[in-house]
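Trainee: Sequence:
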Amino acid sequence: MTDSAKPTLLVVDGHSLAYRAFFALPVDNFTTKDGQHTNGIYGFLSMFVNLVKAEKPTHLAVAFDTSRQSFRTREYAEYKANRSESPAEFKGQIPLLQECLAAMNVTVLTKEDIEADDILATLATQGADQGYDVLVCSGDRDTIQLVTDDVTLLYPSVQGVSQLKRYDPAAVQEKYGLPPQNYPDIAALVGETSDNLPGVPKVGEKTAVKWLTQWGSLDALLENADKISGVVGGNLREHLDDVRRNRALNRLLRDVELPVGPADLAVQPIDAQAVRDIFARLEFRTLLPRVFEASGIVAADEPVEPATPLPTATQLDPAALAAWAASAESELGVTVAVDGGRPARIGLAGATEAVETTWTTDAAAALAPWLASDAPKVFSDAKPQLKALRRDGLAVGGLAFDALLAGWLLRPSLPDKSLADLVDRYLGEKLPEADPTQLVPETEGATPGQLSWFTVRVVEALRAELPESVAEVLTDIELPTLLALADMELAGVAVSHEKLSGFSGELSTRADALAQDAYAAIGREVNLGSPKQLQEVLFDELQLPKTRKTKTGYTTDAAALADLQESVDHPFLALLLAHREATKLRQIIDSLDVAIAADGRVHTTYVQTGSQTGRLSSTDPNLQNIPVRTAESRRIRAAFEVGSGYETLLTADYSQIEMRIMAHLSGDPGLIEAFNSGEDLHRFVGARVFGVEPAEVTPFMRTKVKAMSYGLVYGLSAFGLSKQLRIEQSEAKQLMMEYFARFGAVRDYLRSSVEQAKIDGYTETIFGRRRPFPDLSSPNRVLRENAERAALNAPIQGSAADIMKIALFHIHEQFAAEGLASRILLQIHDELVIEVADGEWDAAERIVRERMGDAATLSVPLDVQIGRGANWDDAAH
DNA sequence: ACTCTGACGTA
DNA sequence: CGTACGTCAGAGTC
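Sequential numbering from 316 applies to the first sequence in the working numbering.
Simulated from the structure, these hints should not be mistaken for laboratory data. Each hint should be verified, as a subset may be incorrect.
Claimed, not checked - Straight-line distance between alpha carbons at most 20 Å, and here's what the computed SDA-like set of lysine to any residue pairs gives:
no. : residue 1 : residue 2
1   : Lys864    : Pro886
2   : Lys814    : Thr870
3   : Lys899    : Lys864
4   : Lys1073   : Glu1053
5   : Lys348    : Arg1104
6   : Lys732    : Ser688
7   : Lys899    : Ser1037
8   : Lys426    : Pro471
9   : Lys517    : Asp541
10  : Lys814    : Asp908
11  : Lys406    : Gly454
12  : Lys745    : Pro936
13  : Lys521    : Lys426
14  : Lys847    : Lys864
15  : Lys847    : Glu896
16  : Lys521    : Gln488
17  : Lys395    : Thr601
18  : Lys814    : Glu896
19  : Lys321    : Val342
20  : Lys847    : Thr870
21  : Lys1048   : Arg1066
22  : Lys1038   : Glu1053
23  : Lys525    : Asn511
24  : Lys521    : Leu555
25  : Lys490    : Asn511
26  : Lys861    : Thr898
27  : Lys899    : Ala874
28  : Lys371    : Pro471
29  : Lys542    : Val575
30  : Lys517    : His554
31  : Lys521    : His554
32  : Lys899    : Ala910
33  : Lys348    : Pro410
34  : Lys348    : Gly844
35  : Lys847    : Glu821
36  : Lys517    : Arg560
37  : Lys864    : Gly844
38  : Lys426    : Thr381
39  : Lys395    : Arg383
40  : Lys1048   : Glu994
My request is simple: use the sequences and hints to build the entire structure.
Mentor: Right, dumping it as structure tokens:
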């Protein structure tokens, strides 16, 4: 046991312990959705946390090898030469493990040419000299030589890294029969197979200990080697040089020059946010509270006292609340508790004080002026709250900040979906929440006033972290967009139940007939919606050629079935595909039908934080994936109609916005000319690539360059291009080369943008929206290349999203400013659907065209296509 | 009741 | 071995 009066220094060999964990834990359970293996990291950290918790070191460091090469391999080339290369799946985990340790503010030590155990030996020696109790944790037996009264070795047992055996001098004596300083002598005689150091043949631990005890030391033994009889004596004499070499190599260096000494290794508080970030990336959930607990930070699922005491919200009457708000000198946090889409309570707070009141007609009347005023207000997730207020006829002005949006802009990949998540992440506190599983909650949830108080504090923390360009995206793009989205969701879009239900019935009848025919074709009934049962039919019973593999067998997706049809035209295949198509359409129709509200309209929810690139997403129902490609599917779009009291629908979309952004960002003169020439883009590009006149570009040529152009935006490879166009890979490669020969700046831009992202760690849109890409420097090839393609696409897709958002709220604002009743209903990434009021077509069309056209100034024009019709299908052009 | 997977709709 | 989303049904698990 350690003396509690003395400081305790714990030094750990990170490499060897992580390596043991790597083999101990099943990799299947420790792989992120992107394919990053994490079993070594998890196993190490789990062990490490237990160790820190149990030993409570005051000083701490983890050492790593830099490579397989060290001074020992230079002295003896065979050293560790028998070790197979450590698997790439393991190597890739080491930098991430070091990132975790850095986030935990644990000192990580490495030194070129020096092994981790030499660093441990040096620190252990210094520590013992300076009066520390030293704990050395390593999986290398050579560290036994470090054990003294002041230095204890913690060695993983064969059961795994979770069980550590303690070696103090007595334990070493008991196990090996000699004191620790003699262990290297034993090892030199016996040899170490794992280090490729052969010892004396036939000499094991028993003999070695006997000899060393008899002669007192290794030197004495070697000097008297000729006095030892028998076969082993002969063996010893033949291997004297091996023993001397072994002894030289297994002596750990105790005087390595290090940038730090024990005193510099005092345990630091962890960086809670950095730990959360890296753990989220590695998809560690249960480890987080354990790390917090071990490090003295309270676990995330235990209630904690806020750094500042939580104020009790003062209950005021509406007039007093309005007066309190009006007299506030700083911005206020605002929280509207919403019940059934209507305001139920409202709470306001500054930095120290919170007030609230029940929502009544009186409250609405009293608060309306302040809410509508420019007085600055901060929210967390303002949209549903603004919608609730708007249903009561109240408008909100002075929207200065939305914590949820800011959190997303900072970390678009994280699932921070509520104020509670932000309070946890940015304040390290626990938002009081009522337990929904208890009828009579033990803990009261925070009241609206208290939520506003938390909001104010979270906003302060977020502002401190937001880079200027990202803060501008919030203020200049996201917040105005939020206001437009709230109105769009409230408006909804009129959908004809009659049209839908008729179509659904047709499709059901057809699907049933197709199913019967399909059963007849194979002689039995199966569930055509079950990939598992289909696999049995296709690959076992019908013995069709195997398709692409999936986790659970072989794919039955449409592309694979179409491929199958080319080789074996079994009638079942066509029937199955037709059945899929019919049932899929029916599904979409039925889910749309049930979403029609009492007002005859469908009200989607736009998730403003729903993508990593800056796009919106749409849920309940998703109105951004309504079919369009086939004539039949467009009957669904025909059910989206102009509402009563309005004249017509207007659709407006950007043509080729992503390619235009590509032209702008790359500055490619050819591409810029293409957009300024007025010629059809793909015809122009095709003419250049194939060296013909635009008029001579065949449809086939046009298809190819079109696929190439769009593929570029996604990081398409020659392989992918060849597959999509069903051409030889060599031809695809040739096409790409011709393309880049004419549009070289495009390739230069794509390359340099990924390079820049590697340096910065993030990509940036034209307007400064950022997306982090930690995996760009991953040693895991699949992971890295996935990140590279996403990083290539992010500024392009993201800039397009920025431009559309700007156009969206400009149109929304101008409709209001000009007093139009026309309104925006839908946004589908590059398209808007607008409901035009009687007599407003000309004004609406002008505004839409102008604001979409001037949302951004690029080196190429933004082209806008506008259509008009009584329903969405007719309004398409 | 929950989560995961395959499949498929959109830009 | 082309980016970004959401939804559904089936299948497996609790």
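Trainee: Evaluate each hint against the coordinates.
Mentor: Cross-check of the supplied hints:
1. Annotation: proposed proximity of Lys864 to Pro886 is violated, straight-line Cα distance about 23 Å (limit 20 Å).
2. Between Lys814 and Thr870 the alpha-carbon distance is near 35 Å, which puts this suggested pair outside the 20 Å criterion.
3. Taking the CA atoms of Lys899 and Lys864, the gap is about 23 Å. The hint is violated against a cut of 20 Å.
4. With a C-alpha separation of about 28 Å, the suggested pair Lys1073 and Glu1053 falls outside the 20 Å cut-off, and the hint is violated.
5. Our distance criterion of 20 Å between C-alpha atoms is met by Lys348 and Arg1104, whose separation comes to about 17 Å.
6. For the suggested pair Lys732 and Ser688, the alpha carbons sit about 28 Å apart, so the restraint of at most 20 Å is broken.
7. For the given pair, Lys899 sits about 29 Å from Ser1037 by alpha-carbon distance, which is inconsistent with the 20 Å threshold.
8. Distance restraint check for Lys426 and Pro471: the Cα-Cα separation of roughly 24 Å exceeds the 20 Å cut-off, and the hinted pair is therefore not satisfied.
9. Our distance criterion of 20 Å between C-alpha atoms is met by Lys517 and Asp541, whose separation comes to about 17 Å.
10. Taking the CA atoms of Lys814 and Asp908, the gap is about 10 Å. The hint holds against a cut of 20 Å.
11. Proximity of Lys406 to Gly454 is assessed by CA-CA distance (about 17 Å); at most 20 Å being required, the pair is judged to hold.
12. A distance of roughly 33 Å separates the Cα atoms of Lys745 and Pro936; the hinted pair therefore is violated under the 20 Å criterion.
13. Straight-line distance between C-alpha atoms of Lys521 and Lys426 comes to about 36 Å, which puts the hinted pair past the 20 Å bound.
14. Only pairs whose Cα atoms come within 20 Å are accepted, and Lys847 paired with Lys864 is accepted, the gap being roughly 13 Å.
15. Between Lys847 and Glu896 the alpha-carbon distance is near 19 Å, which keeps this suggested pair within the 20 Å criterion.
16. Of the pairs offered as hints, the one joining Lys521 and Gln488 holds, with about 13 Å between alpha carbons and a cut-off of 20 Å not exceeded.
17. Restraint check: the Cα-Cα separation between Lys395 and Thr601 comes to about 37 Å, which exceeds 20 Å; the hinted pair is violated.
18. Using a Cα cut-off of 20 Å, the hinted pair Lys814 and Glu896 holds, with the two alpha carbons roughly 19 Å apart.
19. Between the alpha carbons of Lys321 and Val342 the distance comes to roughly 41 Å, so the proposed pair goes past 20 Å and is violated.
20. For the hint linking Lys847 to Thr870, the alpha-carbon distance of about 9 Å falls within 20 Å, and the restraint holds.
21. Restraint check: the Cα-Cα separation between Lys1048 and Arg1066 comes to about 17 Å, which is no more than 20 Å; the hinted pair holds.
22. Under the criterion of a C-alpha separation no larger than 20 Å, the hint pairing Lys1038 with Glu1053 is consistent with the structure, at around 18 Å.
23. Between the alpha carbons of Lys525 and Asn511 the distance comes to roughly 24 Å, so the proposed pair goes past 20 Å and is violated.
24. Only pairs whose Cα atoms come within 20 Å are accepted, and Lys521 paired with Leu555 is accepted, the gap being roughly 18 Å.
25. Between Lys490 and Asn511 the CA atoms are separated by roughly 23 Å; this puts the pair beyond 20 Å, and the hint is violated.
26. Distance restraint check for Lys861 and Thr898: the Cα-Cα separation of roughly 25 Å exceeds the 20 Å cut-off, and the hinted pair is therefore not satisfied.
27. Of the pairs offered as hints, the one joining Lys899 and Ala874 holds, with about 16 Å between alpha carbons and a cut-off of 20 Å not exceeded.
28. A hinted pair counts as satisfied when its Cα atoms are at most 20 Å apart, and Lys371 with Pro471 qualifies at roughly 18 Å.
29. Annotation: proposed proximity of Lys542 to Val575 is violated, straight-line Cα distance about 48 Å (limit 20 Å).
30. Between Lys517 and His554 the alpha-carbon distance is near 12 Å, which keeps this suggested pair within the 20 Å criterion.
31. At most 20 Å may separate the alpha-carbon atoms for a hinted pair to count; Lys521 and His554 meet this at roughly 18 Å.
32. Simply put, Lys899 and Ala910 have alpha-carbon atoms about 17 Å apart, close enough for the 20 Å limit, and the pair holds.
33. Using a Cα cut-off of 20 Å, the hinted pair Lys348 and Pro410 holds, with the two alpha carbons roughly 19 Å apart.
34. With a C-alpha separation of about 25 Å, the suggested pairing of Lys348 with Gly844 is violated against the 20 Å cut-off.
35. As the CA atoms of Lys847 and Glu821 are separated by approximately 28 Å, the hinted pair breaks the 20 Å bound.
36. Proximity of Lys517 to Arg560 is assessed by CA-CA distance (about 18 Å); at most 20 Å being required, the pair is judged to hold.
37. Pair hint Lys864 plus Gly844 holds up; C-alpha atoms about 19 Å apart against a cutoff of 20 Å.
38. Between the alpha carbons of Lys426 and Thr381 the distance comes to roughly 6 Å, so the proposed pair stays at or under 20 Å and holds.
39. Under the criterion of a C-alpha separation no larger than 20 Å, the hint pairing Lys395 with Arg383 is consistent with the structure, at around 8 Å.
40. For the hint pairing Lys1048 with Glu994, the CA-to-CA distance comes to about 26 Å; that exceeds 20 Å, so the pair is violated.
Figure legend: structure checked against the earlier numbered hints; hints not met, in rising order: 1, 2, 3, 4, 6, 7, 8, 12, 13, 17, 19, 23, 25, 26, 29, 34, 35, 40.
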